Amino acid sequence: MITKSHLIEWLRACDAIYTENKTYLTQLDTAIGDADHGNNMHRGFRKVGEQLDSLADKDIGALLKAVAMTLISTVGGASGPLYGTFFLQAAGKASGLNELNAAQMADVLEAGIGGIKMRGKASAGDKTMLDAFIPALEAFRTTPDDLQTALNNAADAAEKGAEDTIPLIARKGRASYLGERSRGHKDPGATSAAMMLRELAKAAEGDA
Amino acid sequence: MTGIVIVSHSAELAEGLRKLAGQMGQGKVPLAAAGGIDDPDEPIGTDAMKILEAIQRVYSEDGVIVFMDMGSAILSTEMALDFLDEDQRSKVVLSPAPLAEGVITAVVTAATGASRQEILRELDHALTGKQSQLGHTTRTAADTRQSVPDETSDFSHSGTFTLENTLGLHARPAARMATIAGKYEADIQLRNLTRETDFVSARSINALIGLQAVRQHTLELRAAGNQAAEAFSELTGLLQRHFDESTDPPGRTPENPKETPNPHRINGISVGAGVAVGPVFQFTVSPSDVKPEHSQNPADEKERLRAALDKAVGELDEIASRNLSAGDAEIFQAHKLIVTDPELLRDVHRSIDKDHFTADYAWWKAIEQYTALYRASSSPVLAERAADVQDVGGRVLRHLCGDPDHSPVPDEPSILVTDELSPSAAASLDSRLIIGILTERGSATSHSGILVSSLGIPAVFGVSNAIEKCRTGQQIILDGDNARVYIKPTAHQLEQMKRRRDNWLKTRSMADGIKLEPVCAPDGDPLEVLSNVSSPEHVKTSVENGAEGIGLYRTEFLFMGRSEAPDENEQYETYRQALQAMGGKPVTFRTIDIGGDKPVDYLSIEKEANPFLGWRGIRFSLDRRDVFRTQIRALLRASAHGPLRIMFPMVATVDEWQQARKLTMQAGEQLRSEGIAYQESTPLGIMVEVPAAALCIEDFLSEVDFVSIGTNDLTQYVMAADRMNGKVAALASYHQPAVRKLIETTIRAARRHKVPVSMCGEMARDTGVTRLLLDYGLRSFSMNAGAIPEFKLFVRNLSADGPSGASSH
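The listed protein sequences correspond, in order, to chains A and B. Per this note's numbering: the first sequence ends with 211, consecutive numbering throughout. Per this note's numbering: the second sequence ends with 1215, consecutive numbering throughout.
So that you can see chain B by itself, here it is in the shape it has in the complex (with noise of 0.2 angstroms):
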């Protein structure tokens, strides 16, 4: 790909610059700031050497185009030209194009993966779509002749589209256009019908920043060529979606630009891809579970009604602070005022002191009554209050039970509807009858996120006040991909929703087809496509999913919801037939990472204020050595049963590796004077989660056998902040520079040392940042089995692309 250097007398405006583009470009397009001079008190000024350096960070055989601001800028880049050798210099440009628009022209054309002449044709019109905003040419049409497209083109799909997003097809919807259009072999054109503009190449940025779209304007798409129904369908979803972007009119600031105005279209965050159109089954906490049991203490279970009635209502405020049109708030208002209605409170009190019920039966009793009373009522204002009460009564009642675990089972296939999934419900969905899932509260990264993504059902989650908006029974489409749910969808919408999740089945079904199959990076080195496992029964969907070996088995799972540890019979027995079922395929133990998050009472592990900071991983088993020498017997025992590695998670210094290789080498020498067969060469590396040991990752490599990065937890560390709190998912994310850098560095230096390295977290999976993980030499991804067939299908497109990764037109 064509690298982009930014060449200002200003640090910070190059700098800036290079933000605002990388922005556009996806993070896939090389780009490097040289701006200002290392003097402290004068920064001002450019830097030949700096300059070469730059052009040097991003060159590639694709070449580099070089945008200076003026005056020294064009000086000493002509100067770094001279230190290049006749090769590289025939393949870097520098382009008269001016900065901002320039750097971002070529950026978004990049992305695109145009070669470097085709981004230079581009440059020619870097400045049309400016200047034909602020009416500086009446020449629109004729200053994008260029993109102007052969009329003779058979197009065989077309349409109209009102733009109805706020700011019309400004330059972010433009450059997400051109970078689908480029995507495609496919010609594909677009023209502002209600401007009376000709068409002009959906791949042109500028050229669609021409038509001059605003809201309400009417354009027409259209596509001829071997993937015009791809391109076409892909490019009317985005449309459709008005780019993902407000919809409020002109003028209106939205309080929240994540929270859509649009009360029937809702956004959250993705968790699983695809899209499902069906009922809505919700679940909360099932009345039935409600036993009526007794209790001799009224105080303690009025206490604790009190404590339960106080953390819905601070839910309540809480959600109601963040939904701030008039209908929401009166949603939150009424639902206040079940919970604290006094007639209620006496009600269920009565109930407690008179007949001795816990406070869980007394106080759903009462939500019960008042729900069948309002349901009787012939007033339909009044009987969707019983849902209402049901919803609040029920939000209540998961305090008191502390969140208990159900399998949400419908009679139907729906999409189920909760306020926050728990990881053994995840874990016990049926795909058949579950088609999609919607929660209010959880992220992709946390354990419940981890598993939906497993099962490969399309979902959203952290849709705040779902269970009100959405009721059981009613049709909602679930858009996984896009983060986002129609809960009052058009007939238009379910008909286009039907033809996608239709497409995403045939897709899904193409990657069935061809995930046993091994696949290569486009440089034909081979690829190692590996599952993440976090129960037995993940090692059976590994091996049908295509999994060429699990790249991180979850040993904690093994540890949870019992009175007392596994011994280590039952934990040899368990790694010995994940090993029989992967068939000599390689598994890749990480030994126990459990902390304050998940409390275990017989570890002696107890809450923490900063549980992701605290005793946990590694350190937990270098502490309780009792616990981790019983776990590294039982692996190294299983390893006599295939080909096993162990990896100790949570690693921060290279002193805590050493003491966990001593402990395994000792517990080795240990079996093998007791005459118990073992692999002695059994492989031991490390999980690279903790920034500590990324950023000295060196002083590792020489010791371990493999490494393994852990993008989650590496990001939360990184970035400081917390995953599972929805709002700074943004900062938590592996797209922030910080987290790829360290990947970076992390993935070259074990190339370097020629020490297998793989990642496991969830950027492994993403296929948006496949190509530049591939880039920086990773060549084994562990995911959820789950993601292994749309993964390997990816891959061998990318292949099919030819070994640059550029596309061919």
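Bound conformation, chain A alone (with noise of 0.2 angstroms):
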């Protein structure tokens, strides 16, 4: 099970990772974006980490849509409505629940990504977060052990994703200007989206 405390704990891991990781995300999207990801994340989940105590007391589905109304209005960049939507559409499917089991867990990320995937149009190979997103749900459902290890192997699944980004041409977003240009170079929203399945995983491990 996943409960809400272990959804905090993540939450505040992701605010760390980003601040931790706020230049190299910036780094990746200097060369095939407007150099601002690492900056966007920083400042959309630093601001959810302060927010974090004061939702202690709500449900899943409360606390994953004030993360969405957080996400879009101070992210900023791209990054913004889509993660936005993804903790929006997430939190239509945690509505009242304090506990997540493997196959709701399965349900949250797949409206999460479902999201994702109908405000920015993308899909599959365009290099975008996508990229690590759909390996990543593709790797929970199909785990059939627990909802821990279905949990390593989406981070692991979109980690690999992300990596595989590097040689494909950008076909949304900023990137997509540079055509051929993008090659060659990892996809930040791609590597941020990893990063958070990575602290999801590591959180669940946690005490709750």
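These aren't lab readings, by the way, just hints derived from the structure by calculation. Quick caveat: nothing in here was measured; it's all calculated off a predicted structure. Just to be clear, a hint being listed does not mean it is correct.
[Stated by the list, open to error] No farther apart than 27 angstroms at their CA atoms in a straight line, the calculated lysine-lysine pairs in the BS3-like style are these:
hint, chain 1, residue 1, chain 2, residue 2
1, B, Lys-991, B, Lys-1133
2, A, Lys-61, A, Lys-189
3, A, Lys-120, B, Lys-497
4, A, Lys-68, B, Lys-589
5, B, Lys-1133, B, Lys-1004
6, B, Lys-589, B, Lys-497
7, A, Lys-124, B, Lys-991
8, B, Lys-760, B, Lys-894
9, A, Lys-25, A, Lys-68
[Said to hold, decoys possible] Away from chain A, derived, C-beta distances all over 12 angstroms, residues of chain B:
hint, residue
10, Gly-477
11, Glu-484
12, Ala-486
13, Glu-570
14, Leu-599
15, Glu-651
16, Glu-950
17, Asn-975
Even for Gly, the Cβ is constructed at its ideal location relative to N, Cα and C.
Each of the two chains sits in its own frame; use the hints to bring them together as a complex.
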């Protein structure tokens, strides 16, 4: 089971990981984008981090929705509405719940990722965050074992997916303006998505 | 009206574009900018919540069109839509048009009252004008074929015009044409004969720009439909005025864009609408007013003369510095030479020293001698100089006399040309003889401007050196609608303008026909149309012009031009007579608002460095309680004779209001103890004209019985721009967003608190903003009586358009 406390820890860890990797993500974005992804993610999750204490008594749906609203109005770049939609759609599947079993977790992830597809009108291979999320969801769904293993596999798949964006030509977002020149660089969105899923897997291991 | 939202990563870009588009939408189109994110260190980005708020701010049943730059702007906007309810979302459209071109196209099209669908159709061609201008398309006609009209239309009106403005049919003129074309129920088309294009719809700004009409191109305009005549006439006027733009050959920038280089057409400030065609009647200080008076102190007289000459030279320098063309400079050079002519000065001094004449008489006598000398000359050039001598002589004389007031009375209906009209001269004008007014100085909101606008005479103020350019007897055209004077009109222009004058007189007579009837807002709310009154005579004109009451009775006129304050009985009589003349209609009396701009000796009101920021209005009244109490007693006594309301001017703080109310209550109690009748529930209110009061309006609203927004002072205080100073007149405008914002806040707050709110400044009569004010919730408009008939006609037509205010075509 993933409890609400796990998720709060997860979001706190996201704040930490994006603070830590602010420069790295921005560097990735400098190569093929507008050099703001690290700052944007840091700004958004810093704000989320600040609000977590006040969200402790909410159910998971309300928690994820609050995260969505914060990201929407603080991230600034395209990742704002994209991650915002991820959390908003995910929240819809977790309404009233205080813990998630494997099947519910799968629904939550699927809804969130579906939101990103809908919002960004992108698909696998476009060199976007979906190149981390789609294989991650696939891995989560196909892991028959326990929830923790499924989350670990999902994080592994996301990281691999992010690495696999290096040879791709971007077809969405600012990087798509570069065309052929976007080849040879890792997609910052896929990278931040993989970080987010790794932190989720790590948070689930903790006591709750 | 369809709202427009601008979304950009950059707050500056969004806001800049909003301002640019706002200018083209004439303030009619609800526009909101949602740019950047709230992070001072990294402000570039988009915020879905900000976008959502922007959409909601401009949302109406007519829907919203959103323009975005790119990337996250689009995603954030889509995200924002998720938070709207189903019904609202269906009326919000995200436009794929390029940001700047799209917003401008949409705003201009929306300003014509076009529906959302019509705007979206127009947006498909948002790039057409630019593309054709840059030569990126050779198929202009095909691109604009959507606008090519049905050839079967029966075009009742047509004409050809040559473009003479420097920039040709560029975006701004195209926008003006499209706006006008959109107003009428008519099929109006234009083609470029020089380029042999097809006809395009004049309602489409992009199609018009696509005509690629530049200077010297010939255009053909045609119109069909119910309102073809009106539309054709207005567009013809616009074309013939060259869109009110410069007609300089390209490549030369005029020194001052406000000064038209065309020497025969000069610009000023519009003070009275309408057109006048007729002979000039110059009115300066008349020689007959200079009496052969003596003075025993020649040194003083010479000193007065020197001061007057200094002032005159200063004025000439000031005018010369504004007029840089060689011809104009010469005139002023000549005038300065006359004033500083040692011969002339010697004659005047001799006359002062030997004959002990006053400087006034000595000066004028010498000027007359010189004038006679020039006039007697057989050379027409020299003869013409006589007028110059007289002009500049008069200028000095006016300084000597301290600008006395005279009544200008020409022999035949004429256009009055004067340097500056004093309020009492303005008040004494006979509108049968003075058919137009042209002045060198003054503004629409100066006191004489206010007086003139109540007379219904076309008037243009602030035309420098008008006296030099318009000689008595010369035929000129005065276009009060466009603040323009044609000093050497062609026969064609004369004919054109006479027709316009006829049309204007016709509209006026239509307005006269309905002026006594009540009017309603488009939503059916009854509308109160009141008058502003500055003297007892105005009360009569108010009734005649259909005022439903007096919204502003300026009591200070009672106190001016006399040696002691009017006593309680005199005031009471004046107020009572006003109430009785209004026959039961309400009268709002404003307690005196006198300050250092109009020094009054007996009230020890002295000249101040900043009279408009000084001891005046309620500040004066609270200090001079003797004067205030007398006025309040007189007003309360008059309240027994009709619906009377008392309004305090220049209130800045709640404390001032409370003190004024307390003094009023005390005066009432005193009257009661004396057994004198008065209306105990006399409503008390404030003028909202100091920004402090407007900003804290909520604090007042729980206590006052009514408020009235004085837009003239409010504007100049908000903008820190003197309305009398022509150089900053553009700043001192209620079109400024800061002013509008305060006005909107005040009206909406008053409505919320259910406190009656009216407006009594110049803005109230401006039909260009009526719709906006109605949208804010204003239902009571107070204006100079002369403006009431046309205002009522305008509102009637507005209501005929339907409740949304949008036109049906």
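Pair hint Lys-589/B and Lys-497/B, alpha-carbon separation not exceeding 27 angstroms
holds, 24 angstroms
Least C-beta distance between Gly-477/B and chain A, which was stated to exceed 12 angstroms
Violated, since 5 angstroms does not exceed 12 angstroms.
Find the nearest Cβ of chain A to the Cβ of Asn-975/B and say whether that gap is larger than 12 angstroms.
Given a closest Cβ separation of 67 angstroms, the condition holds.
Just want to verify: Glu-570/B was marked as not at the interface with chain A; is every Cβ pair farther apart than 12 angstroms?
holds, 45 angstroms
If I take the minimum Cβ distance from Ala-486/B to any residue of chain A, is it greater than 12 angstroms?
violated, 8 angstroms
Does Glu-950/B sit more than 12 angstroms from chain A, CB to CB?
holds, 59 angstroms
Hinted pair Lys-68/A and Lys-589/B, Cα distance within 27 angstroms
violated, 48 angstroms
Taking only the CA atoms, is the gap from Lys-760/B to Lys-894/B under or equal to 27 angstroms?
violated, 46 angstroms
Taking only the CA atoms, is the gap from Lys-991/B to Lys-1133/B under or equal to 27 angstroms?
violated, 41 angstroms
Would the hint linking Lys-120/A and Lys-497/B be met if the CA-CA limit is 27 angstroms?
holds, 24 angstroms
Mind verifying the non-interface call on Glu-484/B? Its CB should be farther than 12 angstroms from each CB in chain A.
violated, 6 angstroms
Lys-61/A paired with Lys-189/A [C-alpha distance capped at 27 angstroms]:
violated, 37 angstroms
Checked against the numbered hints listed earlier, the structure breaks hints 1, 2, 4, 7, 8, 10, 11, 12; every other hint is satisfied.
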